[in-house]
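**Student:** Here is how the chains run, residue by residue.
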Amino acid sequence: MADAALSVQNLWKVFGPNAEKLIGTPDLELSRKELQAKSGHVIGVRDVSFDVAPGEVFVVMGLSGSGKSTLVRLITRLIEPTSGTVMLGEENLTTMDEEKLREVRRKRVSMVFQHFGLLPHRKVIDNVSFGLEIRGEDKTRRRARAQNMVDLVGLSGYEQNFPDQLSGGMQQRVGLARALANDPDILMFDEPFSALDPLIRRDMQNEVIRLHHEVGKTMVFITHDLAEALKLGDRIMILRDGAIIQIGTPDEVVAAPADDYVKDFVSDVPKSHVLTLKWVMRPPANSEEGIGAPTLPDTTIVRDAARTVLATDGLVRVVNAQDEFVGVVDDEDILRVVVAEEG
Amino acid sequence: MSTAAPPKVIRQGPAPDAPPVLAEPTPRWKPVAVVLLLWLAVWWFTKGTDTLVLAGRDRTPVMDTLAAFRDRMIAGRESNPVMVVTGALADALRGTVSFLQRVISIPDDPRPVPQIGWLGVTAVATWVGYAVANWRIALLVLGTFLSFGAFGYWSHSMDLLIMVGIAVVLSLAVGIPLGILAGTNKRANSIIEPVLDFLQTMPTFVYLLPIVLFFGIGSASAVVCTLLYAVPPLIRISAHGIRTVPPTMVEVADSIGLTRWQRLLKVQLPLAKRTIIVGLNQTTLAALSMATIASFVNGPGLGKPVLDGLRINDTGTALVPGLLIVAMAIMLDRATTAASERGDIMARGGGLPPRLHRAILIGGGVLAAVAVMISRQSLWAAEFPDLGWGRAIAKGAGDVITAITDTLSPITGPFKDAITYALLNPLQAFLSESPWWLAAAAIALLAYVLGGLRALVPTVVCLAGMVFFGLWNNAMVTLAMTLVATILCMVIAVVVGVAMARKRSADLLIRPILDAGQTIPAFVYLIPCLALFGPSRFTGIVAALAYAAPVSIKLVADGVKGVSATTMEAVRSSGASTMQQIRKVQLPMAKASLMLATNQGLLFVLAMAVISGMVGAGALGYDVVIGFSRSEEWGKGFAAGATIVLLGIMIDRIARRAAEAAPDQWKRFPMRAPTGPF
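Taken in sequence, the protein lines are chains A and B.
Take 0 as the starting number for the first sequence in numbering that gives the first Met the number 0 and just add one per residue.
Take 0 as the starting number for the second sequence in numbering that gives the first Met the number 0 and just add one per residue.
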């Protein structure tokens, strides 16, 4: 896909002494455990390919040890991939020399870290302007830009504080501001909120959504929290043992889990919050069925559709993006989803 | 030998999912006891034969060869390339020292006084104290400098400061780059680390003799020794500081696109700064300690009057300069510590308002400059008026010490006798009256039993070296003293350490004393020990104890404290008595710390062996001391120094390998504290 903001093809990471030689051998078909027992190599990421569209929030989800943190580091080569390519727009990151790679890291990709990664000896404002300083921008310009970013993340008034004087949530706002200050094409988040307590985490998720609306950056977001993935992601990629299990929109993942592993994962998700009418409607008996009844788009989330459907006596018609009549739902279809949660 | 094998099985380990091999290892004390009993039995029938005693003035051909080698080196001063280089270095160092001496410490001919008198120096030092730290430190500096003059040791004190200053500046110039290199580059570290290990295991005095050969008696050798002694902690701690920068930070730096150099300057160094300044503090104190001892090679400084006092067994005279050394140590310690904290306090808006601070700095600077001017022009400000305090105290102290010694002798006497007759004499008889072949074989066997082949090989090499250098009997005497001191050290360490770990109030009370004990230069310990116990082997042991115990106590206390609170709660709830808690849980779980404390205690005790030689401990230490004072004994002194090193390496290797061969949980503990002894 040429117009992807980020395109990853057949990316492998094998840890161990002779990782390069292993690529392309049948040994790689072994399971993680078998390979480790056989040759002491550990597969971090296994043949991963995906594209991220410009402006998309792409969430990578998996439990610890699934290789998600490794994956995000492979993209900007904080960890060198064993094989595969990473294209950032038209540029191939995997074949770049050090110098150009540094340039990319300085200008085009920023990262937000799980434990914030703020420099304790610098004030908030100097942390935010750090990347600009490295780029060699002059002091007044970087100060102004950094101040804008501090305001954007809602930290006005804390510019002169040191990181350890701030709460965890505020520290991560600094991390966010630092990443945004570079005005990158892509923002990468490595489990940015897992060190925060639940209320703060929700605030920060909303903050990311708000920022995404305001600045419209492409985002790659790593998390182990399914609720977070469903809330933020345009699309979700689920990893297990370094390999892709499923890529899909939140409702696809919930409604059509690729295997038992994913099914187990999503079993606790309140489906009415995620599923759209597309997944609960049934095909119309004929094109005339329920004519005159209210019409809803198939992307409406069940919870939002419930009021309309229940208020209507009988059917509601469902139409797709092309405004074609694709199905009908009635009270029972809606209640099945809602009641299933109660049980 | 079955004892070495079972732990190996555990170490190599089966595949992770297979059940662990449950080989019951033979308890190691059994073969050890067998070896000791055999040794004792053979000793009974052979004691007093083949003991390789070397009578007072005797020398072996090896020693004469060493002396001849030295003479050849000195004769080849003009032609031998190594000697030419070290000679030039020595000249440069001597020149620097003498230049600084003429500025602040000795008359700069034709002036009857130094370029800057006491008033100027004191004013500048006080100002520096304020500039790098705060007004409290400035007051401390002021008081300390005034006491240098008031007690009549101005010139010696300035000399010592000059020596410490030069050594610290050189240490920074060498140590920080090497520390960074070792902290960032694995390969460089694998070269630097063993060199530091070697330098830090080597007892101080062993540097002195070879260095004197290359740099000559006097200030140049003193600076080089001090540097060699002071720089390892700085390198180690800087490297540690760089290495412990959180990996996330390095990742952040990379993800933002920093070059290696930017990463070092903007992330790693700033984050390691605090640690590096701790290293500076350690280096400064180490330099002070060694610069004092360097008076043995005629290095200028306060060590000289202490040494003079000790030589004639006059503790009163040695006391005043000894106390001034302590005062200087406290001043340097506090000042470097406060300086390291100041940066943070200032950045967070603590301390005085910046404008006021700047005004005081400028005002103080002007005052200091005026003081310097005055001290160049008026004699009263140039030469410290003779108050006679020092002499009065020396005389008074002499009387007081005699009184104390007399009063305490009913206690100290029996204590000394008890240790001497019950512990020291039998052990010494056992070791030194064994035929050399018996002792050597037994030690080698013990090494093998405890640490396997990897302990045996270095042990055999060291034993052979000891026989070669011809001071076998003295080595055994020193070994006996070292063992006795270490045993006592560990008894004290366990008792005090456990008390500290179990009672917070004990910890609060004792820890500052230990800190103070570690701040005081080794040399100074001798003064009170000599006063209390007179010149004897026992005095040497007590001095070594005073030097080694603080480290061991701290290690034991921290180890016992490391036993988790949950475990202790569980033990208490099962109804264990206090003694049961200590014996059955806390000490066994702190075994690794106990091992480390023993190893460190041994090395510290051995490091004091030479210094103890000064106060009647005799044996190897005495041989080294004589080597300094008599040219014809140089060879013997060198041989004695080498024998001490061999002894140290042997003990260290056996202890380390024993710990490695021991059951799993001991191995995880590094057998070396961040900063070792000498």
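For the record, the hints were derived by calculation from the structure and aren't laboratory data.
Watch out, some of these pointers could steer you wrong.
[Said to hold, decoys possible] Residues from chain A shown here face chain B by an in silico Cβ test under 8 angstroms; the list is partial: (1) K99; (2) E102; (3) G130; (4) I133; (5) G135; (6) L198; (7) R239; (8) I243; (9) S271; (10) W278; (11) V318; (12) Q321; (13) F324.
[Unchecked claim] Using 25 angstroms as the maximum straight-line C-alpha spacing, the simulated BS3-like pairs for lysine-lysine come out as follows: (14) A:K99 to B:K272; (15) B:K46 to A:K122; (16) A:K106 to B:K272.
Using N, Cα and C, we set each Cβ at its ideal position, and we do this for glycine too.
**Student:** Against this structure, judge whether each hint is valid.
**Tutor:** Structure-based check of all given hints:
Annotation: A:K99 was flagged as interfacial toward chain B, and the flag is violated, the nearest CB pair being 10 angstroms apart, outside 8 angstroms. Given the 8 angstroms rule on beta carbons, the hint for A:E102 holds: about 7 angstroms separates it from the nearest Cβ of chain B. The interface hint given for A:G130 is met, as the beta carbon of that residue sits about 5 angstroms from the closest beta carbon of chain B, less than 8 angstroms. For A:I133, the suggested interface contact is upheld, since its CB lies about 6 angstroms from the closest CB of chain B, less than 8 angstroms.
The beta carbon of A:G135 comes no nearer than 11 angstroms to any beta carbon in chain B, farther than 8 angstroms, and the hint placing it at the interface is violated. Nearest Cβ of chain B to the Cβ of A:L198: about 25 angstroms, over the 8 angstroms cut. The hint is violated. Taking 8 angstroms as the C-beta cut-off, the interface hint given for A:R239 is violated, the closest approach to chain B being about 21 angstroms. A least Cβ separation of about 24 angstroms between A:I243 and chain B goes past the 8 angstroms threshold, and the interface hint is therefore violated.
A distance limit of 8 angstroms between C-beta atoms decides the matter here; for A:S271 the minimum to chain B is near 39 angstroms, and the interface restraint is violated. With a cut of 8 angstroms, the hint placing A:W278 at the interface with chain B is violated, because the nearest CB-to-CB distance is about 39 angstroms. For A:V318, the shortest C-beta to C-beta distance to chain B is roughly 45 angstroms, which exceeds 8 angstroms, and the interface hint is violated. Checking A:Q321 against chain B: minimum C-beta separation of about 43 angstroms lies over 8 angstroms; hint violated.
For A:F324, the suggested interface contact is broken, since its CB lies about 50 angstroms from the closest CB of chain B, more than 8 angstroms. Between A:K99 and B:K272 the CA atoms are separated by roughly 31 angstroms; this puts the pair beyond 25 angstroms, and the hint is violated. Taking the CA atoms of B:K46 and A:K122, the gap is about 74 angstroms. The hint is violated against a cut of 25 angstroms. Distance restraint check for A:K106 and B:K272: the Cα-Cα separation of roughly 29 angstroms exceeds the 25 angstroms cut-off, and the hinted pair is therefore not satisfied.
Hint violations for this structure: numbers 1, 5, 6, 7, 8, 9, 10, 11, 12, 13, 14, 15, 16, all remaining hints satisfied.
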